[in-house]
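*Asks:* If you read the sequences in order, they're chains A, B and C. If you count the first sequence from 1, position 56 lands on 56 in the working numbering, and the numbers rise without skipping. If you count the second sequence from 1, position 73 lands on 325 in the working numbering, and the numbers rise without skipping. If you count the third sequence from 1, position 264 lands on 700 in the working numbering, and the numbers rise without skipping.
For the record, the hints were derived by calculation from the structure and aren't laboratory data. Some hints here could point you the wrong way.
[Unchecked claim] List of simulated lysine-lysine pairs, DSS-like, C-alpha gap at most 27 Å:
#1 C:K712 - B:K320
#2 A:K88 - C:K602
#3 C:K716 - C:K742
#4 B:K320 - C:K716
#5 C:K446 - B:K415
#6 A:K239 - A:K190
#7 B:K415 - C:K445
#8 C:K788 - B:K257
#9 C:K741 - C:K786
#10 C:K643 - A:K7
Chain residues, written in single-letter form:
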Amino acid sequence: MAVQTFKIPESIREGAKFSFCPGCDHGVAVRLVAEVLDELGLTENTILAASIGCSVTIYDFLDIDAVEAPHGRALAEATGIKRARPDKCVFTYQGDGDFASIGLAESLHAALRGESITAICINNTTYGMTGGQLGPTTLLGQKTTTSPTGRNVEYYGYPIKIAEHVALCDGTAYSARVSLDTVANIRKAKQAIKKAFEIQMQGLGFTFIEILSTCPTNWKMTPQESHERVRTQMMEVFKPGVYKDITLEKTV
Amino acid sequence: MIMEKNFVIAGFGGQGVLLAGEVLANAFMLANKYVTWYPCYGAEMRGGTVNCEIVVNDSEDVSAVNKKEADFVIALNQASVDRFISKIKKGGWLIANSSLAKEIRTRADINYLFAPVTKLAENLGNIKMTNILALGLAAKVSKLVSVETLAEALDNVIPAHRKHLLPLNLKALKIGYEYDLLPA
Amino acid sequence: MECLTKTNKKVLMKGNYAIANAAVMAGCECYFGYPITPQSEIGEFMSGKMQELNRAYVSAESELAAINMVIGACSTGAKAMTSSSSCAVALMQEAISYASADELPVVLVSVMRGGPGLGNIYPSQGDYNQATIGGGDGDYQNIVLAPSTVQECIDLTYKAFYLAHKYRNPTILLADGLLGQMMEPVEFGEYPYPEIDNSGWALTGAKGRHGRVIRSYAPLAEDQCVFLNKLFGKYKQIEENETDWEEINTEDADIVVVSFGSPSRNVKSAMKICRKEGLKVGILRPITLWPFPSKRIYELTQSVKKFLVVEVNMGQMLRDVKLAVNGAAPVEFFNRPVGNPPEVDDIVNKIKEIIKE
Numbered sequence: 001m002a003v004q005t006f007k008i009p010e011s012i013r014e015g016a017k018f019s020f021c022p023g024c025d026h027g028v029a030v031r032l033v034a035e036v037l038d039e040l041g042l043t044e045n046t047i048l049a050a051s052i053g054c055s056v057t058i059y060d061f062l063d064i065d066a067v068e069a070p071h072g073r074a075l076a077e078a079t080g081i082k083r084a085r086p087d088k089c090v091f092t093y094q095g096d097g098d099f100a101s102i103g104l105a106e107s108l109h110a111a112l113r114g115e116s117i118t119a120i121c122i123n124n125t126t127y128g129m130t131g132g133q134l135g136p137t138t139l140l141g142q143k144t145t146t147s148p149t150g151r152n153v154e155y156y157g158y159p160i161k162i163a164e165h166v167a168l169c170d171g172t173a174y175s176a177r178v179s180l181d182t183v184a185n186i187r188k189a190k191q192a193i194k195k196a197f198e199i200q201m202q203g204l205g206f207t208f209i210e211i212l213s214t215c216p217t218n219w220k221m222t223p224q225e226s227h228e229r230v231r232t233q234m235m236e237v238f239k240p241g242v243y244k245d246i247t248l249e250k251t252v
Numbered sequence: 253m254i255m256e257k258n259f260v261i262a263g264f265g266g267q268g269v270l271l272a273g274e275v276l277a278n279a280f281m282l283a284n285k286y287v288t289w290y291p292c293y294g295a296e297m298r299g300g301t302v303n304c305e306i307v308v309n310d311s312e313d314v315s316a317v318n319k320k321e322a323d324f325v326i327a328l329n330q331a332s333v334d335r336f337i338s339k340i341k342k343g344g345w346l347i348a349n350s351s352l353a354k355e356i357r358t359r360a361d362i363n364y365l366f367a368p369v370t371k372l373a374e375n376l377g378n379i380k381m382t383n384i385l386a387l388g389l390a391a392k393v394s395k396l397v398s399v400e401t402l403a404e405a406l407d408n409v410i411p412a413h414r415k416h417l418l419p420l421n422l423k424a425l426k427i428g429y430e431y432d433l434l435p436a
Numbered sequence: 437m438e439c440l441t442k443t444n445k446k447v448l449m450k451g452n453y454a455i456a457n458a459a460v461m462a463g464c465e466c467y468f469g470y471p472i473t474p475q476s477e478i479g480e481f482m483s484g485k486m487q488e489l490n491r492a493y494v495s496a497e498s499e500l501a502a503i504n505m506v507i508g509a510c511s512t513g514a515k516a517m518t519s520s521s522s523c524a525v526a527l528m529q530e531a532i533s534y535a536s537a538d539e540l541p542v543v544l545v546s547v548m549r550g551g552p553g554l555g556n557i558y559p560s561q562g563d564y565n566q567a568t569i570g571g572g573d574g575d576y577q578n579i580v581l582a583p584s585t586v587q588e589c590i591d592l593t594y595k596a597f598y599l600a601h602k603y604r605n606p607t608i609l610l611a612d613g614l615l616g617q618m619m620e621p622v623e624f625g626e627y628p629y630p631e632i633d634n635s636g637w638a639l640t641g642a643k644g645r646h647g648r649v650i651r652s653y654a655p656l657a658e659d660q661c662v663f664l665n666k667l668f669g670k671y672k673q674i675e676e677n678e679t680d681w682e683e684i685n686t687e688d689a690d691i692v693v694v695s696f697g698s699p700s701r702n703v704k705s706a707m708k709i710c711r712k713e714g715l716k717v718g719i720l721r722p723i724t725l726w727p728f729p730s731k732r733i734y735e736l737t738q739s740v741k742k743f744l745v746v747e748v749n750m751g752q753m754l755r756d757v758k759l760a761v762n763g764a765a766p767v768e769f770f771n772r773p774v775g776n777p778p779e780v781d782d783i784v785n786k787i788k789e790i791i792k793e
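If we strip away everything but chain A, and leave its shape as in the complex, we get (with noise of 0.2 Å):
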């Protein structure tokens, strides 16, 4: 029987600590993208176009080649990158306000374009690293430090579906929205993001996932109680599941 050994991925930088707080999901996601650059032998022809919010210390832990970019603007510095050097693989970390607020523009028009790029989006409800305010994700009833009554609709409309969003664009090749509350999940959100590096490197259009994660501190919530949440609240709202994948509608 063949045994599994645990080992740090080759695509974390050596000694690298991560600083996220205690039960975040950005160190479990960021482990599984230095997963899939090592399983796709992508580390030395990746550039990565960093964002703004918690997600911005990617580039401390991953030994890829990075560049940070202003908040909202991780897919247009992506684009300048990927237009200048199509042959490599480009990928953006964001936070879902860089990603859905502040970077909507830049984010569906990289997705309108076609770009080949990978974007992937933590979806934590909240604006994590200034603490704890209302985001484009916040859900109803959701009580933050801008939104100290709860999300109501009269007064701070609808949160956005981030991965329902960007599949609707004709140039998306592939958009699903993962977790990573279960040991399950996170096998599933490994596949997803996998699946969309390859079709990265395919050409075949823009790829993205949302990754719904926790944010104990800002939620005022143990780690359990958070992936907890995580499952029948958000869930609830932001439907996991694929929901454009190109070279499946192919082969049907």
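Based on these hints, arrange chains B and C on the given structure of chain A.
*Replies:* Relative to the frame of chain A, chains B and C by itself:
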């Protein structure tokens, strides 16, 4: 003494004012002069007046722009006469299209050439030759550029897919140049 | 628009097309842009030419996106540019600050129109401050080149790419609507500068080495202090090496007129008229607006009695001239708030008025 002369070409949108200016500027370039062309543009409406200015300079030096006075004004319609007659330098020329502007000489200190440019272009068989015909007139009056150089400039400016119109343009240029300056 | 970059042949060309052609000749690999009058011809030309040459062109969704696409492309060491105008260059200020902090060779062509706000599409020099000081956050400095003829639009576009890559610093070609729309005979020649080796910093994929991170984010204040001191060391070097200006008839001048860009043409004509009348007038035309020829202007205070600044704005370069003169001589000002340059006669009259005082 360094020579610096300037032309204003003005008319309706669609009369080929900017193109005529470009041909003239090209001709000066071919004659190794320092030349500057610029449109006097603004939030002009389609169908409104269009004008451009060409400054030509004998020296190696750059030309001034936005000049207060003009040595030559080529006005293809009444609105352009009205707008630019006061800009003409004392002793300068108004070359006006009498098909679309009245032959009225409101200033005594400038020279006039009225010619029915639109009519002449119609006689030639293509009203669109108005602008090039007027250039022929300007060449004759200004004595600053030869009709041969203008012909070469036309060849420079007319794009490949319009080259079949070159002979007609050259004819228009010649008609303008040979137009009797002092008609009875 | 046909590409007219046949070398060593004079062609009559608009400033905007001249800039675009020069960028192509300089080896620009990527153009990203969003239309705005009076510079839209640059993007129009590039859309066809870059495809033809198998280089990159993207019609960006906004100027925010365009300048950030340039940053992305530049991070790989590519020659990349965008072009825009006034109120839209305003949108790019954040990214310009990032590009300065990330030390990326961004080339931005800014063709000035009337402001503030939407303003109008007439020529203007109202973005001198925007280019030389900027509205981004923190301490940073762009290199700013100011052409006054269509030929200079070409020469300085070449130089913009060179300096941007030589110093890894955002470089702005600051033209105006008049230059953009103006046609003059020009020659392209060959791109006259050496190619800069960027293998030490460009992102190429971390093959056989550790990953490189191009970033300004420095959580520790001490680190940021070290970085800023280094950055300003570079700026000092640029000031020493690259300050450029044109100077005519200053040796015996009583009055020196300081003017940049297209209005300097009328100042030259005015100076000639004054000289003919025996008035000792000279001109100093800054070609680099940053670094500004402050040192030379101060030297001139030894012999010059008065300075006159002529601009098409409300007095922006005026401040830099006053700082350079540092109280050693009076500095007068003559302007048009917006539009075409002041007329030659009006400049002559202003000079005479100042001399009489």
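*Asks:* Looking at the structure, which of the earlier hints fail to hold?
*Replies:* none
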